[in-house]
Every structure is written in C-alpha cells, then in structure tokens.
Amino acid sequence: MITLASDFGTPYPAAMKGVILARTETPVDLVDVAHDFPRGDVRTAAFWLREVLPYFPPAVHLAVVDPGVGTDRNALVIRAGEHALVGPDNGVLLPAARRLLEASETDALSAFTIDDSSAESATFHGRDVFAPAAAAVHEAGVDALETVPSLTPVPSVVDLTIPDARLEETGATGEVLVVDDFGNVVTNVPGAVLEGREDVRVDGQRVPVGETFAAVPPGEKLATVGSHGFVELDVNDGRGDEAFSLAPGEVVRLEWPI
Amino acid sequence: MITLASDFGTPYPAAMKGVILARTETPVDLVDVAHDFPRGDVRTAAFWLREVLPYFPPAVHLAVVDPGVGTDRNALVIRAGEHALVGPDNGVLLPAARRLLEASETDALSAFTIDDSSAESATFHGRDVFAPAAAAVHEAGVDALETVPSLTPVPSVVDLTIPDARLEETGATGEVLVVDDFGNVVTNVPGAVLEGREDVRVDGQRVPVGETFAAVPPGEKLATVGSHGFVELDVNDGRGDEAFSLAPGEVVRLEWPI
Amino acid sequence: MITLASDFGTPYPAAMKGVILARTETPVDLVDVAHDFPRGDVRTAAFWLREVLPYFPPAVHLAVVDPGVGTDRNALVIRAGEHALVGPDNGVLLPAARRLLEASETDALSAFTIDDSSAESATFHGRDVFAPAAAAVHEAGVDALETVPSLTPVPSVVDLTIPDARLEETGATGEVLVVDDFGNVVTNVPGAVLEGREDVRVDGQRVPVGETFAAVPPGEKLATVGSHGFVELDVNDGRGDEAFSLAPGEVVRLEWPI
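Line by line, the protein sequences are chains U, V and H.
Under the numbering used here, the residue at position 197 of the first sequence is numbered 197, and the numbers go up by one with no gaps.
Under the numbering used here, the residue at position 1 of the second sequence is numbered 1, and the numbers go up by one with no gaps.
Under the numbering used here, the residue at position 146 of the third sequence is numbered 146, and the numbers go up by one with no gaps.
Please keep in mind that the hints were generated in silico from the structure rather than gathered at the bench.
It is possible that part of the hints are untrue.
[Said to hold, decoys possible] What the simulated footprint calls covered on chain H by chain U, stretch by stretch (three residues with Cβ under 8 Å from a Cβ of chain U suffice, anywhere in the stretch; the number is not a length):
#1 170-182
#2 225-234
[What the hints assert, rightly or not] Derived DEER-like restraints, expressed as beta-carbon distance ranges:
#3 P58(U) with G229(H): 50 to 56 Å
#4 P257(V) with A140(H): 45 to 51 Å
#5 P208(H) with M1(U): 38 to 44 Å
#6 D72(V) with T147(U): 53 to 59 Å
#7 D72(H) with G141(U): 53 to 59 Å
#8 G229(H) with R253(V): 54 to 60 Å
#9 E169(U) with A108(V): 55 to 61 Å
#10 E198(V) with S117(H): 23 to 29 Å
#11 P217(H) with E120(U): 23 to 29 Å
#12 T161(V) with G141(U): 48 to 54 Å
#13 P217(H) with T161(V): 39 to 45 Å
#14 M1(H) with R98(V): 31 to 37 Å
Predicted model only: the values in this text are computed from it and were never measured.
For every residue, glycine included, the Cβ atom is placed at its ideal position computed from N, Cα and C.
Could you build all of it, start to finish, from the sequences and the hints given here?
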C-alpha cells in the first residue's frame, strides 16, 4: 500500500501514480490522503500527516510539500517501524514519523537520501524522484531499505516540531495549528483542560464548552475536544475561523472563568 | 468493495480509509463517491446517494453527512438486498436503500444500530464508529449482519423522503432538488412531461425543450431530461442556476404553452 | 487498469466507476487523472492527457470532456500501442494517443466507434456509453478490440493538434497552453531555448531564467523549464498567471536579451 499526499491539486498526482504503477510488479493499493494541502506550507502538511497516517496499516507514505524542489535539499526515505515515509528533507515527514514510531516496537527512525541525479525535471521531483523511490521501497519492503540501490543512509535530517501549548493554572496559551475544511479552529491546547468545565474564555470572550457541535444552537460558538484530541473552537453549523477571527499560526489565549 | 461519501472535504476521509484498511483482512476496493457534499445537508446527500449507488455492484456504502454527530442519534447499518449502507440515523441512507431494494429480489430493509460506546472522539464518528462498522460488515458479509457483535437489530429508523412534484393538466409544480457542479438545475419533475413538447414555460418564461445541451446555441437556456430522469433547467456551455436564478429547495413552476 | 478523466466534478465520476465495476469480472484498478478539467475545454484536457497518460503502464484511459454530448458526434475507442483511449470524437484523445504511439513499437492508431443506441440518457454518455465501453475493452483486452460487439472500426476521426511555437533567431512566439493549479503559466515554447541564458524578455519585460523556483526570492518572477519540457513563467511562492497577466490561449513573446 502506498498513500499519497501533496499540495499539487490536479492532475499532477496522477503522474506520480502512473510512475508508481509502471514501476511496481507486486500489486499496490494507492490511497490519496490529500492533494490540496496549502501550497508550500510544510508545517500544516506535517500536522495533517501526523494526525492521519497512524490510522493506516503498515504502508509507504509519499508526501510532497516541497517549496525547495530542485535545490540542494535532500530527498528522503524515513523508516518508522513498519512504515516508510518518502518526501523532501524539510521536516514535513518528521512529526508523522515520530508518531508512527511510538506505535511500533522499534527503537529509532532510520533515514536515507534518494539519488535524484537522473530526475527528468528540476521542478517536479514528485514524479521524477519521490514516486520512483516510493515504488522501489514498496517493491523491496520497508525492512529492506538497505538493499535499495537509490538509497544511502544519512545520519541526520531536518527536523520540524509542532509546538506545544503553555499550560498555566488560570489558563493556557496556545496556537492555531490548522483550520479544517469545516472552518473548525484546531489549537495545540490539549483537550484535557476542558474536562469538567462548562465554559472557557477565548481571547477574553466567554464560550460554552460542549462535547458535540449540537451542544449549542446552530450558529453559536463553542469550545470542544476535537478528533485530534486538542481544543477546537467551532461553530455549530458554521465556521469557527470566521466567528473567532482566528487563522493558522495565530496565538490563542484560553482562561478558566472563576 | 466499500464506497465512501461524506461532507468532510480533505483529509478526514483518508483517516476513514486508514481505519478500514487496518481492520480488513480480505482485500477491499475503496471507491470515493464524493466528499464535497454540502455541509450538513442531509437531503442533498440522500438524493445523490440514491442516484449514484444503484450503479454499483453489491457493496458496502459508507455515507456520513451527520450534523448530529455525538448526540444520541443512532449509528446505523441498513441491509438493502445485496448492499449494505452505513451512516447516521438521520434519513441520509433511506432513499438510496429503498432504490437498491427495488432492484433486488428481497422484501424489506433490515436495520441495525452500531455500538458507538468506544468512540475515541465525539466529533468524528466517521473515523471512530462508521469506518470500523463498514470494515466489520465487509469482513462478515452483507448477508451475515446478524453475526457482527457491534450490531443490534433495530425496528425503526428515521426516514427521509425526497418530495414528488405535483403534476397537473396545464403544468407541474416541483422543487429544485440539487444544482450539480455544471450549474444544471435538477428538479423533481419527471422528464416524461417534456415528451413531444418544443418548449415549456419556466416560472413564466418560455424556454425551448432540447434533448441535448447542444440543441441550443452556447449561452442559451433550455429544459432537458437530465441523466436522473428529471426535468433539468440548463444553459448550453453555462450555468443554469444563474440563468434561472434557482437554488436547491426552491419551488419551480412549469407550464405547457398552448 | 482504467484511468478516468473528465470535467464532471463530483459525484458523476462515481457513477462511471459503479458502471465499470458492475460490468467487469476481472479485477480492475481505477485511477483518477482529474475530474476538474475546465468545463467543455477540449484542448486543455487534451494537453493534460498527453502529458500525464504516458507515465502509466498499459491501460484503458477513459476521458470525457464532451460539450457535444448527445449530438451525432461519434463515441470512440482508440488503440495506441498497448493502451486504449475511450471518449468523444472531438479530438480530446488524439494528442495523448499520438504520444502513446510514439512510445510503442506499433505503427498506427486504430479507431472504433461505440454503439450508443442504448444510452439511458442523452446528457450523460460518460455513464451510459463511455464507461460501459471502457469496461468492455478492459474485459476483452486492448489487442482484441475487433472482438468487442459494441465497437465498429472507423477510418477517420476528428483530430486536434496542440500548436507549436514559432522559433526565431532573436526569440520565440508561442502561446499559453494551460495555467496549472500553482498558477504556473505553461507555454508551448520548448525549454531548450533557455539553455545557457541568464535572462529572457517576456512580452518586453526582463525576467531571470532559473532552474528551480527557489532560484529567485519569494514573490519574484522567473522563466524556467517546467516538468512538461516547455518554458514556464512562474513566481516563486506565488502565481505566475497573475504576475504576468497571462491566460490560456494568449500569445506570449519571448526575446533573447543582447
């Protein structure tokens, strides 16, 4: 199985699929994660990959959000337990790789650079470098990356950390990680802080805490524990990002009302 | 085979696919129906599912448009002949289920509630309740729902009926069911009423009847029998919804010119 | 394997997939190329199919951009080496078919019309004519099109040529073929003209030539050789179409600075 994620829109992901299918002899299921990640936004892609990939069984995960395509940044394969991740060395794979490793019984990530010297283009390494590497990893097997001729072990990679919120007695200072397609504002504040609370102040305004969207009337704001386990700022049947005027990367301050 | 439909956008459907693939041992083809249904619009989703799912061979159909997620609404599996439908108990599955039943030789729908007590989140039952149920149904087989531990027969479910148009001697009073991505206005007036007619009055304006879009010049309005068998109000190489100023749910009045 | 491309948006492509899956007994992988081609824009679709389909292994390629649906235009299957293409006789298949033929060892394209007399609708031949034909071709095999009852050899088809640029000593006069989802302006000027150049005049303004987007600072324009092998007019971390005020079909004039 190979999952595919990118900021390519269409139809470029189809070229990657064609390359993979042309280079694999064993059957391979291709599953799209998303191809509409915000352009060149490595951190947002890294967040979504971390949240989605752990639900998959062992697989090769191709993920290309690569504003530095064609520069001397490395092309990587990372092994995380029974999974492999394939993409640029800009940190986009790391949060997902660490999360996948936690669920495995192995000790550490292994990283390999991909030989990209025969790339047909300097601007579409998804097709010319990463898709062939994903196919080669699928054919060899995740436990045999050392045997893939195009791969060379590399001691260190560019890291990327999704920031933690700061928890205090009277509240929490966090950050908007992403806004999802529903307009839900996903923060990095752990959902546990809402336990037992009826409401919370968000940047000064009092907002009810609800277990579900339907806990408040349509059009009303709420704070809830989202499916990622973080505090989300939502609107029942509406867009939280508009109602709270919050965008990815912005600071959000929660306070516990007395 | 499992089809997937939702109003989730991306990348949430990928989490559902991961869960299914992690829980199935027999091979499973995953086919997307749509993940851009209008948010929380149960009736529109119900219409599209009814129109599209009958073209599939026997399958498990996962369909999640679920504004009441996390409330005490039931989670359902419905058996309709050789097909099974999995989704919330808000009517979204019913029109498709009845249509699938018509094509089968069995007598009645069977419905089952899904045990959702171990859901990881209260806001993403697509991933935590419906996808596991779809995987379990796929593994057990549609004719063996009674053996799936997480399922309990339930005597009645929330129904949803897509309204019929009112036909009269001088015309028809119907409703806009959906506007498709082309801008074609799909009404609930049976296409048969256009037979033998050269034109029709739509909310008072005379419009030619054409068998194909190309029956009128580009930019011109027409009434046609759409692929769903209903009267559609279209524009050749343009958007019918804009030209007719019609939106889903609005009443549309057709009259036969003398 | 069957690839699918159209301008249908959702959920109509799912009806095509259902039809194919209901009519195939041998396993078939379905791979989406794109379903958001510009509506009715035969030439743009033809360009993308030519650029993407050659990366696939031998397959049946279903491609429906069909503004003349339901008129007396033919429905076609074209054999190009080990590939088959299925779609309307409006030229959309031809550039891809010729490109696929170049890579094969066979001599010529063979074309067949599809019997469309039993189409359920006049407006959705993707579902009623082309998908059944794609399934039939998949079942029979690309080398046995002569045995498919619904197909009849046809001596000639509507052609479509993607125009070549005019190359001169002091520059090139070309055309914008497409703008991709990144906003990159893809011209028909062969990339080789940029070799050894540091900059180029585009419609009079001097623009640096770069091998990668990152060759210029974010927000700056550049000319590069895109992944299709043509000159592309781009902006690093921005949209080339907006910066250059260029749209598909427009003339673009390149001059070599002295």
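Here is what the structure says about each hint:
Coverage of a stretch by a chain is defined here by at least three residues with a beta carbon nearer than 8 Å to that chain's beta carbons; for the region 170-182 of chain H and chain U the count is 3, and the condition holds. Interface restraint, the region 225-234 of chain H with chain U: holds (5 residues with C-beta to C-beta distance below 8 Å; minimum three). Here the CB-CB span from P58(U) to G229(H) is close to 37 Å, at odds with the stated 50 to 56 Å. Look at P257(V) against A140(H): about 49 Å separates their beta carbons, and that is inside 45 to 51 Å.
Between P208(H) and M1(U), the C-beta spacing of about 42 Å keeps the proposed range 38 to 44 Å intact. In this structure, D72(V) and T147(U) meet the distance hint of 53 to 59 Å, their C-beta atoms being roughly 54 Å apart. Checked against the hint of 53 to 59 Å, the C-beta distance between D72(H) and G141(U) comes to roughly 54 Å, which is consistent with it. Distance hint check: the CB atoms of G229(H) and R253(V) are about 56 Å apart, consistent with the given range 54 to 60 Å.
For the pair E169(U) and A108(V), the beta carbons lie near 59 Å from each other, so the given range of 55 to 61 Å is met. In this structure, E198(V) and S117(H) meet the distance hint of 23 to 29 Å, their C-beta atoms being roughly 24 Å apart. The hinted window of 23 to 29 Å between P217(H) and E120(U) holds, with their beta carbons roughly 26 Å apart. For the hinted restraint 48 to 54 Å between T161(V) and G141(U), the CB-CB distance of approximately 53 Å keeps it satisfied.
Between P217(H) and T161(V) the CB atoms are about 60 Å apart, so this pair departs from the stated range of 39 to 45 Å. For M1(H) and R98(V), the hinted distance range of 31 to 37 Å is satisfied, since their beta carbons lie about 35 Å from each other.
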